[in-house]
Amino acid sequence: GAVVSQHPSWVICKSGTSVKIECRSLDFQATTMFWYRQFPKQSLMLMATSNEGSKATYEQGVEKDKFLINHASLTLSTLTVTSAHPEDSSFYICSALTAPNQPQHFGDGTRLSIL
Amino acid sequence: AQSVTQPDIHITVSEGASLELRCNYSYGATPYLFWYVQSPGQGLQLLLKYFSGDTLVQGIKGFEAEFKRSQSSFNLRKPSVHWSDAAEYFCAVNFGNEKLTFGTGTRLTIIP
Numbered sequence: 001g002a003v004v005s006q007h008p009s010w011v012i013c014k015s016g017t018s019v020k021i022e023c024r025s026l027d028f029q030a031t032t033m034f035w036y037r038q039f040p041k042q043s044l045m046l047m048a049t050s051n052e053g054s055k056a057t058y059e060q061g062v063e064k065d066k067f068l069i070n071h072a073s074l075t076l077s078t079l080t081v082t083s084a085h086p087e088d089s090s091f092y093i094c095s096a097l098t099a100p101n102q103p104q105h106f107g108d109g110t111r112l113s114i115l
Numbered sequence: 001a002q003s004v005t006q007p008d009i010h011i012t013v014s015e016g017a018s019l020e021l022r023c024n025y026s027y028g029a030t031p032y033l034f035w036y037v038q039s040p041g042q043g044l045q046l047l048l049k050y051f052s053g054d055t056l057v058q059g060i061k062g063f064e065a066e067f068k069r070s071q072s073s074f075n076l077r078k079p080s081v082h083w084s085d086a087a088e089y090f091c092a093v094n095f096g097n098e099k100l101t102f103g104t105g106t107r108l109t110i111i112p
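Respectively, the protein sequence lines represent chains R and W. 1 is the number of the first residue of the first sequence in the numbering used here; add one for each residue after it. 1 is the number of the first residue of the second sequence in the numbering used here; add one for each residue after it.
The set of hints was computed from the structure by calculation and includes no laboratory data. Model, not experiment: these values are computed from the prediction. Glycine included, every Cβ here is placed at the ideal spot set by N, Cα and C. There's no promise every hint is true.
Unchecked claim - Cross-link-like lysine-lysine pairs, in silico, BS3-like; alpha carbons within 25 Å at most:
| hint | chain 1 | residue 1 | chain 2 | residue 2 |
| --- | --- | --- | --- | --- |
| 1 | R | Lys-55 | W | Lys-68 |
| 2 | W | Lys-99 | R | Lys-64 |
| 3 | R | Lys-20 | R | Lys-66 |
| 4 | W | Lys-49 | R | Lys-41 |
| 5 | R | Lys-66 | R | Lys-14 |
| 6 | W | Lys-99 | R | Lys-20 |
| 7 | R | Lys-20 | R | Lys-64 |
| 8 | R | Lys-55 | R | Lys-14 |
| 9 | W | Lys-99 | W | Lys-49 |
| 10 | W | Lys-49 | W | Lys-61 |
| 11 | W | Lys-61 | R | Lys-41 |
| 12 | R | Lys-64 | R | Lys-14 |
| 13 | W | Lys-99 | W | Lys-68 |
| 14 | W | Lys-49 | W | Lys-68 |
| 15 | R | Lys-66 | R | Lys-41 |
| 16 | R | Lys-66 | W | Lys-99 |
| 17 | R | Lys-66 | R | Lys-55 |
| 18 | R | Lys-41 | W | Lys-99 |
Unchecked claim - Among the chain R residues that face chain W by a calculated CB cut under 7 Å, a handful are:
| hint | residue |
| --- | --- |
| 19 | Ile-12 |
| 20 | Ser-43 |
| 21 | Leu-44 |
| 22 | Ile-93 |
Model the full assembly from the supplied sequences, consistent with the hints where possible.
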């Protein structure tokens, strides 16, 4: 149980384009999802908290107009990297909560490469 | 300030040897504590968690961790490692706001 699916797993695109990453909870409803960014050989940095039916809460230093988050249903949150540039290249991982203060369950991540 | 520390960036152990990965946190109360494992290019898999009660918790894949309040620690252990245990290990802490703060990770290498 508590499976989180993230799609795509790998994307390469040209500078200036927008990229959408999907995060789905497959066998549970997730009122809260999280988006992280991970640079090579580094830890996970929380970008934002996504709550179903409300605006996402962004961490300090994360550009909300650059990283658009939508959590339109209890099983889907999306992260759109707008006008992506090479510095946005990274590994993006989502997670979801089954209930308050329970462990977060993680997707397999998306490797984003901007050329 | 709330923080999580994993003092060991990289640990190498022989297959079959015991393992202990360290994790310390800074917080005025008892937080929710987790250990996750990450294989290269993959997401994170939960190994075990501590919320309350028995301070020695058992997890998957033969791992266990012990919460020591006096030391603000939550060290991960395994009596005998297998080559498949080679991965990155993250200690993570929920300081009561649903968010996870991760340690910097410990990379585990297993030698034959």
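Consistency of the hints with the structure:
| no. | hint | verdict |
| --- | --- | --- |
| 1 | Lys-55/R / Lys-68/W | violated, 38 Å |
| 2 | Lys-99/W / Lys-64/R | holds, 18 Å |
| 3 | Lys-20/R / Lys-66/R | holds, 12 Å |
| 4 | Lys-49/W / Lys-41/R | holds, 24 Å |
| 5 | Lys-66/R / Lys-14/R | holds, 16 Å |
| 6 | Lys-99/W / Lys-20/R | holds, 23 Å |
| 7 | Lys-20/R / Lys-64/R | holds, 14 Å |
| 8 | Lys-55/R / Lys-14/R | violated, 28 Å |
| 9 | Lys-99/W / Lys-49/W | holds, 15 Å |
| 10 | Lys-49/W / Lys-61/W | holds, 14 Å |
| 11 | Lys-61/W / Lys-41/R | holds, 24 Å |
| 12 | Lys-64/R / Lys-14/R | holds, 21 Å |
| 13 | Lys-99/W / Lys-68/W | holds, 22 Å |
| 14 | Lys-49/W / Lys-68/W | holds, 14 Å |
| 15 | Lys-66/R / Lys-41/R | holds, 24 Å |
| 16 | Lys-66/R / Lys-99/W | holds, 22 Å |
| 17 | Lys-66/R / Lys-55/R | holds, 15 Å |
| 18 | Lys-41/R / Lys-99/W | holds, 22 Å |
| 19 | Ile-12 | violated, 15 Å |
| 20 | Ser-43 | holds, 5 Å |
| 21 | Leu-44 | holds, 5 Å |
| 22 | Ile-93 | holds, 6 Å |
Violated hints for the displayed structure, listed by number in ascending order: 1, 8 and 19.
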